[in-house]
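Undergrad: If you want the building blocks of each chain, they are given just below.
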Amino acid sequence: MSVMLTKFESKSNRVKGLAFHPTQPLLAASLHSGSVQLWNYRMGVLVDRFEEHEGPVRAVAIHPSRPLLASGGDDYKVKVWDLRPQSRKCLFTLHGHLDYVRTVQFHYEMPWILSCSDDQTIRIWNSTSRQCIAILTGHSHYVMSAQFHPKDDLVVSASMDQTVRVWDISGLRKSTPNTAPGTFDTFDNFSTVKYVLEGHDRGVNFAQFHPTLPLIVSAADDRQVKIWRMSETKAWEVDACRGHFNNVLSAVFHPKHELIVSCGEDKTIRVWDLAKRTAVQTFRREHDRFWVLAAHPELNLFAAGHDSGLIVFKLERERPAFALHGDTVYYVRDKYVRSYDINSGSDIGLLSVRKFGSPYVPPRTLSFNPAERSVLLTISSDNGMYELATLPKDVVGEVKDSSADGKRGAGQSAIFVARNRFAVLNKTSQLIEVYDLTGSVVKSIKPPVQTNEIFYGGTASLILSSTSAVILYDIQQQKTLAELNSPPVKYVVWSADSSQVALLSKHTITIANKNLSQHTLIHETIRIKSGAWDDAGVFVYSTLNHVKYCLPQGDHGVICTLDNPVYLTRVKGKTIHCLDRSARPRTITIDPTEYRFKLALIRNNYDEVLYLIRTSNLLGQSIIAYLQQKGFPEIALHFVEDKNTRFDLAIECGNLDVAMEMARAIDRPECWTRLAQQALRQGNHKIVEKAYQQTKNFDKLSFLYLTTGSESKLKKMQKIADARGDPMSRFHNALYAGDIEGRINVLREVGMYPLAYLTAKTNGLEDIATEILEGAGLTESDIDDVPDFGRSTLRGPPVVTDTTNLSWPSIPGGESFFDRALANGNLEATTEYVNGDTTAAASAALDEWAKDEEEQDLVPDEDGWDLDAGGEARAEEEAEEVVEEEELGAGAAPGISESEAWVRNSPFAGDHVAAGSFETAMQLLNRQLGIVNFTQLKPLFESVYRSSRVYLSPVASLPPLELHLRRNISESSLSRVLPVQVVTLRQTRQELGDGFRLVSGNKLTEARGVFRSVLQSLLFIAVTSNDEAKEWRDAVTLAREYLLGVSIELERRRIAEAEPDNPKRILELAAYFTQCKLQPAHLQIALRSAGQVFGKHSNFAGAAKFARRLLELNPDPRVAAQARQRIAAGDRNPHDAIEVDYDEFTPFEVCAASFVPIYRGQPAIRCPYTHAAFKPEFKGMLDPLTELTEIGAVASGLPAPR
Amino acid sequence: MESSTLYHAKQQFYLGAYKALADLPLPDAGSDDYVPILVYQARAHIALEDNDAISSLVPPDTENLALKAVTALARYVSASDADAALEELRDLCVEIEGEDVEATEREKGWVRVIAGTAFVRAGEIEEAMETLGAESSLQNLEVVAVLVQAYLSIHRPDLARKEFDRAKAWAEDEILLQLIEASIGLVTGKDSYADAQAFFTEQLGNPSLTSPHLLTSRGVTRLLRGDVIEARSDFEEAISQRGHEDAETLAATVVAAGLVPKRADVEEVWSRFASTYSQNPLVRDVRARSEQFDELAAKYTVPPLAIPASA
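Chains as they are written, first to last, in our numbering: chain B, 89 to 1290; chain E, 13 to 323.
Next up, chain E with everything else stripped away, as it sits in the complex (with noise of 0.2 Å):
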């Protein structure tokens, strides 16, 4: 049984309260807790796009696997040297198969997770899930995770079905297992996103932390559903929660704002979203539909304008 800060921290981080996690005091360094804790927050940390905190956090000089994948991951994410990093994780892979290697079964995990993220990220979706997958019997719902959302990114979710079905066998009813099940029903829509809706309408009840990131996941979930007001509302509340905009949230409130039936100010909500978060996968997904749609419009020629010639 973990104890309650890092059962704490864990749900933290699921529930994507990693600002919240990130300000948490590290426990003391000979403690149980200490690996996982600081694990979890430096996964926080870099979900936060905070990436220079890591260096400071993470000892420079650890012998830890787990703890050198998320520096790796650091990096790799910052983008310094993005290769070097990746050549890291992918040694570290190696190291864990060994016989010998000094390291927990959670840790091996954490590894796998680690580099499979990066490997996603990097678009190498086949290597990730011969990272993750290659031994399915592992009972490590966090690599579920991943694995699933590979799987959704190339629109398989089906395998993502399987392999949560799989998960579900073992694994008690964890909230990361319901956070999987939500996320397969957002792709899917399977019973118009009811299992999505619940589970973050649930979650937001929880007691224990409070997330901006539920709200902003609700609101998509109710965007799907069509909601579109209470979408934007539970937008604007994670924005006030969290203090400030950030690019999810903000695209998701641009696209509904493209949706209520007054549509004012979308064009100004999108310019400025679009100008602020150049690298955002919406704006970057736009800015090449805008190309295409020149180059393929230019493919029809317009006729001359009728004009009566006798005026």
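Bound conformation, chain B alone (with noise of 0.2 Å):
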């Protein structure tokens, strides 16, 4: 253990006492100033103060299971206090002891207090009546510490007397409680001394039961914690553990593991090993002497009260090693690799690493290699080591342990960087080793900054991790590719597809794409625990409290909160797998449809956005805040049914014809404003007309129809203006619609003659100005001193485009996609997901594959087994020695190319051509099976042997080197490698198949050839078994029966078009077709031909025969029904109009060449690779089924398997 891992500090007065919560994350502290502090150690916050104690509190204690807290103090008084929230406050106060409170506890399930003094009495006290119930004297010093048994009715105490006592208090739940006051005497009844236990030199300062077993440890001023056992009569000494070099204040068991912790006034804190009582680890401060210690009753944690404050620590790290590989995370508990598969949850211990490192330290890394199925871990113990092992591939009882075959070696850091290589960190020499499997050093690298940490960098690269930046470095050219500033890096997690890397800081993430060029940070206040990738892309991540995701740009939010850290491994649709403190797998359902919304949009995939839409309740503000900041307000336009919020989308993103519904919803003049605005920056100006007149907007109205060049609508506006009789208004009208008497009107009515006259005048409207000057009172003479302006030239001007019936198009946006989905409803929910939830077809795809690959498993499989295996070895050690004599260099002779040890270790013809020995395969051919014809063979000769071997060029110009394609690619030995299959018996059968389709289809010829061609096939299969070999045979036979059947069929159908009148040759070829062995489909074909030929041929006797034989295939009920009418009819008339040659009661075989029955004991001679039989004569002849071979040459046979 090299580190104590300081979770939590405070500073404050003296701590006294300390108490843990047993489910929340807090703790209460006892504080010498008077005040008991209840501190989130996990938020570092402090909760609440209580302050009712006058003068040092000593003594605090949580309840077990109730929100109760007690606390004791110098001023003699035991306090409990409600601990709830909302009713923070002291409930009572026990009143009796005589002297400073020492400790405090509650019982587990009684309702008791239990207190000690330096009074030297131990109380307990009912919460419930208040009332102390029991005293226990006997103490002849102040009493230190007080505790419960943890099942047991038992207290142990420890004196200032120099014992530690063990109570039996057995008799105080037996029996009602006095509850008199004041009669001390009847308490002694209910409590007994069981043990006083004498060893301890000086005054002892607690004392403490073990959670499970028969054990006590003490701690004392003689500088000693002693461990006493107990047994139902006795206890003893045990042994003491010496190291403090001043007075013991406190010591603890682990809960968990066989620790002791302790402290002192010597400012340490010890860590001792119970079975050994050796010291494991201390841990000093320079100032601050240790009061008190305390440990969780569940978690891995301590607090230590001293004299500034109090430290929350653990002993451990509790972030489990593991690495995850496809479904399946390696992961280290106990000091064992196991594996968890997420998919089956089947967890497996592989490996134990039990004596890797300290037994007390858990690995801290761990590194999978799935092509060696071997990890890499590494530990902190001693100054940092790694350990290279390979897991088992089945675990068969006991699992081995890491030490028997595992590499070790110094390093802090280590990780594989290739299949057959890894990189190993040196921090002190800050030198990064690359070493191949067998722990050789291939390559040394100096990195360019101080690191602390090494990761896996993608291809041939390295992340180092140092205090101010990340470098991804290249390995083979020894450089930086990239550098990221980021706070020193703890962890790095890549995306599946390795495209994207996650950087894990205490603060930050780093989501970075793979060669660190772009990337985002995410700011935490919380500590992060650890990452996982979703398939889809998100970064989920873990504080301390929360789950959290991230989205490629660095948006975040939370997906739900943890009670306890958990560290996660895997995110597969809506379950997370992670791996809790206690390195337990365990999963976490969530809904991920907030970030996969969010990811649909980023990526604009808005199928799946639509989907989502529909098919959650993704509402809220949350989510159209969410769309409107980012951009996306035409999707937030569905989600909204708030007008308002309706109308304020719609003109962020230009819908304007919701917005104007809206508006006309709504219907005040702000959103017709707006409308107007966003209607004239897109140019409809006819909503604007419409947003106008909603607002009586005139003027702006007037000039609207202005630019449109309505002047139908101008006139209208004039009209509207008389009527609102706002002389200005008309003007401007007047002015746009070019209305030049309209203007004079308004001019003379509001008495601006001299404007009016002027117009008149410039407009060549004479009549007017003289009519305005008469009124005016005034002649031509009377100005002259007017000069002449000219003819005025001003117009409307003219309408060049008609734009008052145009609107200005607008380019349909991106919302219209989600219009016409959500409009009509069609679109369908197709969209597959990336994410584990629907992928039930390819899966089935997958199945499919997996089954063909099972099947070609076994053939190397059954190799191995090869019984003289062991000779072929050791013949094969021998000639490589040999061969290790020889030079190397220009003398060296060849070798012995593969083909030819193909042909050495196979006695079979296919993997002779596979070998390209076509010599050796003809004669295996003619010896084993007889085959003299070759001619036909020669496609298979070729395919076979150009597909057992493939070329290829791995060095530039040079002649491609010929590689060859084996069928037991686990056996590398020359001496044993043979062909790939070319021809399998599988394709064989299936080839068989489609021949039998061709039989059910009435097409004989293909399948006569279909069959010939199966048999060619199956001279090139090497079987590996007997099984095989018995498979090889019946596929053999199967073929020649169905071949021998066709050809008769075929035969007769030669013969009754060729010979008609030979009807006797045709029965008997339809009743030889029948004694063929076929399948019960295609026998049924051949009986009810041959029942129908028979019938047409009036041989009644012989129909119903084929009939019955028929209906005892149990055919379809419309041909049992007529095999019923032949039998019917035979019985009518058992009589054969023609006789022929078909005895069926006598066993017989179809001469394949002529084909007549050769019955039982009539000789016959065979085909040596089909067996099908012959009449003699045709001895020596060219078989005519398969036009391969001799008929009756001698042959041996396929030879055996192997």
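These are computed hints drawn from the structure, not numbers from a lab. Among these hints, one or two may not hold up.
To be verified - Listed below are the simulated DSBU-like cross-link pairs for lysine-lysine, each with C-alpha atoms no more than 35 Å apart in a straight line:
| no. | chain 1 | residue 1 | chain 2 | residue 2 |
| --- | --- | --- | --- | --- |
| 1 | B | LYS481 | E | LYS202 |
| 2 | E | LYS174 | B | LYS531 |
| 3 | B | LYS515 | E | LYS180 |
| 4 | E | LYS180 | B | LYS531 |
| 5 | B | LYS495 | E | LYS180 |
| 6 | B | LYS443 | E | LYS180 |
| 7 | E | LYS202 | B | LYS567 |
| 8 | E | LYS202 | B | LYS1026 |
| 9 | E | LYS174 | B | LYS534 |
| 10 | E | LYS311 | B | LYS1026 |
These two chains come separately, so use the hints to put the complex back together.
TA: Right, dumping it as structure tokens:
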């Protein structure tokens, strides 16, 4: 144990008492100053303070199941407090002690409070009646501590009188406690001193029972920690732990491990091995004496109080070392490497690493190598070391220990960088060494910066973490590829497709692409614990108290809250797989909708957005705000019901129709104004017009009409202006409309005669001008001094384009997709999920694959059982030794080519063909199966040959290497390699199936071709087991029977056509056809055809026989009915018109050449390959069925399987 | 330490990204990288069987031995005057052995590699080995690569392995060394071709280059491992990445086609391949076998077909 991991630290007055809350992250601390503090140590905040005691508070306890806190102080009082947040107050005070109260404790099930005091007594109080129910007397000095036994009715106390006492309080439980106060005598009946443990030479400060074992630990001023054992009848000292050099003030058992933690005035906290009683670790503080210790009842947490505050610490890292590969998590629990399959949930121990580093320290990191199935672990003990160990293929019985074959070395950080390379960082020498799997260094790298940790950085690259930056470093080139500023990176998580990486620091996450060229940074106030990539490319991470997500562009949010930290391993669909603090696999179900939705938005995957809108209840202000903020108002529009928001969104995304609709519904001037502005911006003047009309904005309306050239509307505006009696408006409208008279009228009406006159004058309206003059009582001469302005050229602008009826075209926006989809509701929910929701189809396809592969796999396995393997291996070793002696260089003689090896290793013709040894192949075929006619086999020879080798040129311009395809790839020794099976039994079976279909389809000529080709293919199969040999023979026989049957039937049809006057032969052939061993379906066809032919030729008896055989095969009802008719006909007329050579009662075979029966006992010779029977006269001739073999030739048959 | 341009060029050359390398702009004639990159580029052209490009690429009056060797190799490969080219390479080999020759160790290495390549092509394995292995303390990985392949081609993987192990002692963990290891693995089938498979897969993930040749190589490895379907997808991807079919990938595709259960088009693919690349070793080999077959089959006398006399 090299580190004590401080989780929380507070500064305060001297801390004398501590108590953990059993379930919440709360810690009560009683202070010398008189207050009791309640800390949330996870968040690091002071939750509350209880300040009613006078003088120091030494004792504090929290109830194991109820929200109660007890405290005891130097004011002799024991106080009980309500811990519920809404009502934190003192419930009652227990008076009775006559001196300082040293410790208090709640009983785990009874309503009892235990306290001890300097008044030399231990008291038990009933918290319901708030009465003292027992006083334990016997100590002759201060009682420094008193603790209940975790299960039994025992109390252990420690006193300055140098003893530890164990008290039996079982009497207390049985009897009704005495309610009369003050009668101390009766108390003694309930409790007796069971043992007095003497051994300490000074006062004892603390004693505690072991949570499960019959052990007691005590701490005393004699600087020792003593361990005591109890039996039913006695108790004795087991051993003492020596090492503190001042008073030991507290000692507690570790709740889970075999450890004792003690502290004292020598300013140290010490950890001891309970079994060996040796010091494991010492944690020293410069100035503060440690007064008190508390262990968390459930978690790996301790608290220690000292002179200037308290610390909460862990003795070991809880973060389990783990690595993910596919759907399997490899992790370390209790110093065992385990694998957990997240699909099947199978969780198995694979390897023990107990002997790796200190036994108290779990490995820190694990790197997994799938190709070698090995793991690389690091541990922080012994100044950092690594171990490389292979995992067993399957665990049977005891798992092995890594020390058996593991390779170890020093280093702080170690990871696999390639299948057969790993890199180790030595922090002190600042050297990264790359090793191969045998443990020899292949490369040394001096990192360009002070590196604290290394991570996998993609192919041939490392990520180096320094104090202020991360560096992507190319191992081959030894140079920095990219550098990012970041706080120290603690963990690196690659996405499944290695395109993105998350760099986790204490409070930041950097999401970057694989070159670190693009990145985004997220800050967290709470400590970040772990993270994993969702299959869709969202990074999900956990902090101390939350599971959160982070999108590639940096958006992040909360998914759910956590009670306790977890370490995420894999996110799959709605399930988060993680390891908890005790390294047990757990799952958390989450709702990924929100982040999927956001991700879909970012990726413009509107199908998915829509899918999510439809299938989930994603609503609420936050999503709308998000959409609006992220520039997707058109999508937000679809979520919103509220009119105002809808209007705002519609304006924002320029959806004028919706905006218009909403404006109508809201009907407030601001809306119309905004609508008008937006519509104007988009050039939709019709909506502008409406908006202006609604707000009665006449001026703008008129100007709008002017700009759009809408003369008629301008006229109307004039009228309106007239009606309103607004001269300014009238003038404007007249001006816009080019209505000169109107203008003059307005001017006249408002008494602006000079302007009216000039207007009339300059527009050539002399009459009106004169009229105005007259009206003003003037004559021409009066205005002589007015210069002549000439004729006005001012006209209303001519209308060039008929804009009135047009609207500025607008581009259909992105919302059209949603409009369409949401309006029609016809968008099918066909969206396929990347993330594991609907992958049924894909997995079915995979299953198929897997099946194929399983079948292929069988072949090499069986080879492994080769019985004479041992002998061969020995021979081969010898051969290798001989080779060793030869020198490298120019004189090297060519070796044995793989083809030659194939020929040597196999007695099968197919393998010889693959090896290219056609000559031996032909000899084998001839000898084994009597093949003489090879011409038809040429295509097969060629295809087998060329499919068993492949060429590749690894080095430029050199002739390519000839590579040989093997069927036993696990074998690399030349004496056992065998060529790939180009023709497989499986495949021939398929081919047979094709033939059957052709037979059913009455395509007999084609069928005959197929069966022949099957028989040809079967020649090239090498059988590897007896089962296969049998299968092979069955396939040959089946093909032969069909070939024979088809040939007979074809012959019958030929005769029926060529010599219709030979009914006897026709009938015979039909009957023989039924004798071929066909499958029931095909036999039915043969029988029906025979029955029909026989019936036609009035051989009713024969027909009936076939019909009976047919019925035995359970044909379908229609056929069965027909058969019964035949039988009936046969019964009526049990005669045959034509006598045929067909004796169904004597077994016979059909000669495959002449198609005549060879009854049992008659001589026959056979085809050496198919075993088809022939009449003796055909001996030495070519088998007409297969056209391959010489009839009656001597052959040895297929060699034994191997 | 070599410059990163040269490093990339080498990587491209070793991993078969010949097209990308050939398209690379040449550095300035005065720079240190000029000759090395020119050598690799020229060799990439030769590997692409684009021998005409050499004459325009390499200055004809060059005094540089390595460049001379490249030119000679181009001539040898294009078979314009093969014998003369071979002789020239022999002369160059003698020249680099001389005391006062003006060539760096690296250039001498290239001369050896190039000459060795030509000798292997000519079938003069022994001569090639002499050229390459005369001083096996040379510590030149390219030499080792050619040597190893020469050993493999005469079915001596044991010697190839030895040469590789020897190189491992001095060469750092370079890509070429790994490639050599992978090729040995392909021939011997050690650990079910795991070395090769891992190497090619790793290099496919290499961000600094894309090489269809790597895909083909991995496909071949997968084929050897019996993963025919995966192999085919690699070949298809290689062809689509390259933009056109090449003999090696197509040949492998043919092999793969012959191994899948459904073999509908295999004959057609084969005949197309055989007619396009009549000089491909596979095609030549099969052609030879086919002639041999006819000869051998004729040795067996085929008796008359058994036909019933009565019919």
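Undergrad: Evaluate each hint against the coordinates.
TA: Consistency of the hints with the structure:
For the suggested pair LYS481/B and LYS202/E, the alpha carbons sit about 19 Å apart, so the restraint of at most 35 Å is met. Between the alpha carbons of LYS174/E and LYS531/B the distance comes to roughly 21 Å, so the proposed pair stays at or under 35 Å and holds. Under the criterion of a C-alpha separation no larger than 35 Å, the hint pairing LYS515/B with LYS180/E is consistent with the structure, at around 27 Å. Simply put, LYS180/E and LYS531/B have alpha-carbon atoms about 11 Å apart, close enough for the 35 Å limit, and the pair holds.
Proposed proximity of LYS495/B and LYS180/E is supported: the alpha carbons are some 20 Å apart, at most 35 Å. The straight-line distance between the Cα atoms of LYS443/B and LYS180/E is roughly 33 Å, inside the 35 Å bound, and the hint therefore holds. At roughly 33 Å between alpha-carbon atoms, LYS202/E and LYS567/B fall within 35 Å of each other, so this suggested pair holds. At most 35 Å may separate the alpha-carbon atoms for a hinted pair to count; LYS202/E and LYS1026/B meet this at roughly 33 Å.
A distance of roughly 31 Å separates the Cα atoms of LYS174/E and LYS534/B; the hinted pair therefore holds under the 35 Å criterion. A threshold of 35 Å between alpha carbons decides the hint, and for LYS311/E with LYS1026/B the separation of about 14 Å falls inside it, so the pair holds.
Violated hints: none; the structure is consistent with every hint.
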